[in-house]
Structures are given as C-alpha cells and as structure tokens.
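Student: Protein chains in written order, with the working numbering: chain A, 1 to 416; chain B, 417 to 581.
One or more hints might be untrue.
Below, in silico cross-link-like pairs of lysine to aspartate or glutamate (DMTMM-like), each with a Cα-Cα straight-line distance of 25 Å or less [as the list claims (entries may be wrong)]:
1. A:LYS294 <-> A:ASP201
2. A:LYS74 <-> B:GLU481
3. B:LYS538 <-> A:ASP234
4. A:LYS256 <-> B:ASP441
5. A:LYS109 <-> B:GLU449
6. A:LYS195 <-> A:ASP301
7. A:LYS60 <-> B:ASP517
8. A:LYS74 <-> B:GLU554
9. A:LYS60 <-> B:ASP550
10. B:LYS560 <-> A:GLU77
11. A:LYS48 <-> B:ASP574
12. A:LYS74 <-> B:ASP550
13. A:LYS74 <-> B:GLU482
14. A:LYS256 <-> B:GLU482
15. A:LYS48 <-> B:GLU554
16. A:LYS60 <-> B:ASP480
17. A:LYS74 <-> B:ASP561
18. A:LYS321 <-> A:ASP167
19. B:LYS538 <-> B:GLU507
20. A:LYS48 <-> B:ASP542
21. A:LYS60 <-> B:ASP542
22. A:LYS74 <-> B:ASP441
23. B:LYS560 <-> A:ASP201
24. B:LYS538 <-> A:ASP389
25. B:LYS567 <-> A:ASP301
26. A:LYS74 <-> B:ASP480
27. A:LYS256 <-> B:ASP467
28. B:LYS538 <-> B:ASP460
29. A:LYS74 <-> A:ASP343
30. A:LYS48 <-> B:ASP551
31. A:LYS74 <-> B:ASP479
32. A:LYS74 <-> B:GLU507
33. A:LYS321 <-> A:ASP190
Simulated from the structure, these hints should not be mistaken for laboratory data. Model, not experiment: these values are computed from the prediction.
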Amino acid sequence: MARFTDQRDTVYKVDPEHPATKDLPILRTEELLLNMGPQHPATHGVLKVILDLEGERITKSTVVMGFLHRGVEKLAEYGTYHQFIPHTDRLDYVCAMYNNFAYCRAVEKLMNVTVPERAEYLRTIVAEVQRIIGHLFWLGTQALDMGAMTVFFYTFRDREILLDWFDELCGARLTTSWYRIGGVERDFTDSLEAKIRHFLDYFPPKIDEYVVFLEKNRIWLARTVGVAVISAEDALSFGLSGPTLRGSGVDYDLRKYESYGAYPQCEFSVPVGQNGDTYDRYWVRVEEMRESIKIIRQCMDQMPKDGPVMADVPSVTLPPKHRVLTNLESMIQQFKLFSQGFDAPPGEIYCGTEAHKGELGFYIVSTGGGHPYRLKIRSPSFIHMGAFDHMARGYMIADAVTIFGSYDIVMGECDR
Amino acid sequence: MHPLAERIQGRFADGVLLAHEWRGDLAVTVKRESLHAICRFLRDDPAMDFDYIVHVSSVDWPDDEERFEVVYEVYSIRHRHRLRVKTRVPEHDCYVDSLTDIWRGAEFMEREVFDMMGIRFKNHPDLRRILMPDDFQEGYPLRKDFPLQGKGWRDTFDFLNEGAA
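From just these sequences and the hints, can you work out the full model?
Tutor: In structure tokens form, the structure reads like this:
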C-alpha cells in the first residue's frame, strides 16, 4: 500500500478522507528528534545530546550538560589554596595527576615559587605517565564505543600497571593528590624507579600491538577516516586544544610553546595530523604515547640523583612530613597553612598546562589572604563540546558517540 | 608600556582604560562599548593575530559601582603571545556585546558566564543556562551574595523512598 512506502510524494498525495485509507496511521515524514543520554553508556559520564535527524543523518545537535556540576569554582572560594588540591582530582577523574599539576603550577605562578630541580623532573615523569594512562584509557574506550572490544582489554592491562605505580607512589590509583604547591608530596622509591625503567622497554612494542588491531581493521577505518572533519581555522576559532586541535594540523602544544617543568631539557616532537578527522586525532594520541616514553626516558637519565622535592619557602610550602610528625613548630606550620592558608599577593594570573586532553588552565584572582577570590577552570572538555554541533552535522547517529569520544571527553571536568 | 598594549591604545585611544602587566600576564581593561571593536581588531590585525580563544570568565566585585568584570583571554598561535581583555559591567545594565561572531568558541564560554554570573551577551545566538538546570530559580551561583549552601531549593526536592519503591 502506498501509505507504507518510503517515497514521500506518494504519502503526501494520499487523501486522508478516502474511505480505504482514512483509518490507517499516517507515516510521519518530518525530522525526528532523538534524545541521547543522559544515561547513555558511551557518554563517558552523564551527558545528554538532543539530535535533530533527517533519516539517520544529524542535521542539528543540542548539547545539554551540567549533570555532574558540583560547583567546584564556588567551593574554591571558600577553601585555602592547599585545600583545593584534592578537588582538582575530581575534575578529570581519569587523569588526576595532570589536574594537580596544572593547579599547582598556577598557584606557584601566583606566589612566585620556584620548584627544585629534582621535583621538576619527578613532576614531568609522572605527568607523562599520566598522559599515557589517559591515552590508553581513551584508546580502549573509543574502540569499545565502536564495537572493537579487544583493544579495551589490552590497553586496560597496561593502564593497570601504571595505576599500580601511582598506588605505590601516593596510596591512591585515581584520586592521587600527589602534587603539592612548590613540589611533590614524596620522592620515588627505588623499586618504583626500577619498575619505570623496565616499563620503558616493555611498553613501545605494546603500542604496535594496539595499532595492529585498529589500523588494518576495515570497520575502524570506515568509522574514523573522514569522519567529523574540522579545519584548523575552525578548530582555533572554537578554542579546541590538545590532540583535538593538533589533529587538524596546528602544532599548538604548551609543552613547546610555553615550556614548563623539565620539558625544556627534553627532546621530543609534537605529532601533528593533516586532515582533522577522527582518525588523525587517534593517530596523534598514539604517537604522543611514543613521545611520552622518550620524555620519561630522558628525564630518568638526566634527573639529579637526589635533592629536595619541595621548595623551601616556609610561608607557602608545607614542611616535610617527618618534621610534622616529630616537631611541634612544623606541625603548627602545616596546620596554619591548611586552615588559614598563606597570604597571597593581590593580583590575577592565568596559567595553562598541556594536559592530555588539551589546555587545562586556571585563572586565579587574588585579593590577598588565604583564599582565592575567584578561581576559574578552563577545562578542555567543556570547550570541546562547544564544537560538537559544528562537527556532528551531516554525520550519522552512530558517529555522534565517536565524535565526542574523539575529544576524549570526561564529564567531571566538563561540568566541574 | 607593553608594545601590544601600546598598539591597541594607539588605535583605540578612548577605548582602553588601563593596561597592566603582572607575573608576565598582560591585561588590558577596555570600555564596554569598544570591547567588540577592539576584539575584532585583535583578531584581524596582522601584528595581533589573536586567532585562539582561551577562556571567558567573570569576576564579581559587589562593592564597586560597576559590579561585574568580564574577562576574555586570547592567544595568538603565530606570534605566541597572550592577552587578557577585561571590561566592567554595572549591575543595573548588565550586558556586553557577544564575541561569538569573532571567535565561535565564545558561544559556550559566554553561556557559562551568563549561567554563573548573570551577565547578558547581546547578539548571542543561544543564551541559555548551560550547567545549572533550566528551571533553576535561585539566581546566579558564582555571585558573591549567593550562599555556598544554596538558597534552599534543593531541600524541597522529593526523593524516592527506597522502602516504598
């Protein structure tokens, strides 16, 4: 019957009053609104996207977020600078170390604190380990979103090794809070150094292993090559950063542009894509893991064998733990630094750090005293979602998941 | 004075109120009326070439006559320089011109500022709340007069009783 064909003309020509057809339901031909999420397993948190569909193609998308909004920026105004470090763990809960790093760097810029050399190396090594963890997590889940389950098990096997190091380093796998303003909480143990050295040889062949699963996989290629293309100009205009921007061919990497930590002493290259599609963003991340291994290896070789891991600025930085436990004055000092905070000079700073998702920045306004007057978190996930509508238009419903997957989105950071 | 600030001042003598450099960050405070023109100049002038928008933020100064401060941070990939553009907004006339037509990423960032601080953006294509729920009636949470605990709306929620379900 004409009514159930998908030829629209036929449907529209049916006379609704005709006795033969008037009781049949009318086939709807207008655009369909599809509500995706918030509890969708592939949204990496709680994200809702309303898709306007023409058949299976997306004509418009509206992002609805805020389901994980916890008011972190407001909370920051009510705590001291030291007290805020554990809150940063909960931003991007997959990669807490880099959030700690970005925050501590911002406060150090505000307080003009210089970090000792060994601490800089330790920070850089852990930050790069965290970058590898982040990319492994991304690779596994992105492949899983596209139905390639095997990769997930391989990447999570290796991610587990690295998380065990964090456990050994600071007692936590995910919410680490290992970085401190002016240094780090504690030094590496000898066994940890040996494990890192072993991993440096173990890991590069594993990268090739993951790649084999994907780069010759026809489904993976069909779903990534040429999907969600964004030009370099658009990507910049949207404020994209990290691998999402570098996939489009812009070599913006704060580790090179505004170098920090021990990165100036390391030789590494910044992988840059060409086409700005999902495949290039994937490729950039895989290559970055190889570069991270290079950076860690150089840091391990160049690092001073011992030395302080915390700056000696008693008005700002915490006293060493052993002194806190044995010395009354140190305990009072630690107590006062946490409860009252240090006296920050009035002023405002912005400090951006190249986290594995993109530029994670902290904008701090201080009016003096122990609390930030205003603390703004420039989170890459939030800003990347701003480009979602632009990138999703014209692609299929199934691509929607891979598009925001290719930003490496984590809603905890997006909604703050 | 910083050469960048000098160049902006040379072009917009009336528009720039203050240029300030601290800890290596250059911040320029501009008049609200000239914000849009100055930002367009920042993006299009070859010596400026600020093609990358970093963040849009806002600060509340309840004791000041012009209560709110809107902060734009921009970066130039080619010249590798960074600039913070600030403007002040009074509470009774709380709007600035949207910069969405200059940097497209400003759309979400400005929506967040509207959501959190209640500053309106003229000519913004889709100025709605973004992080707080659409039916949030308590005002703007990042204002200094908003209590940390909220104003009691969430205490009125009905939660499902597990025993009854």
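Student: Looking at the structure, which of the earlier hints fail to hold?
Tutor: Violated: hints 5, 14, 16, 23 and 25.
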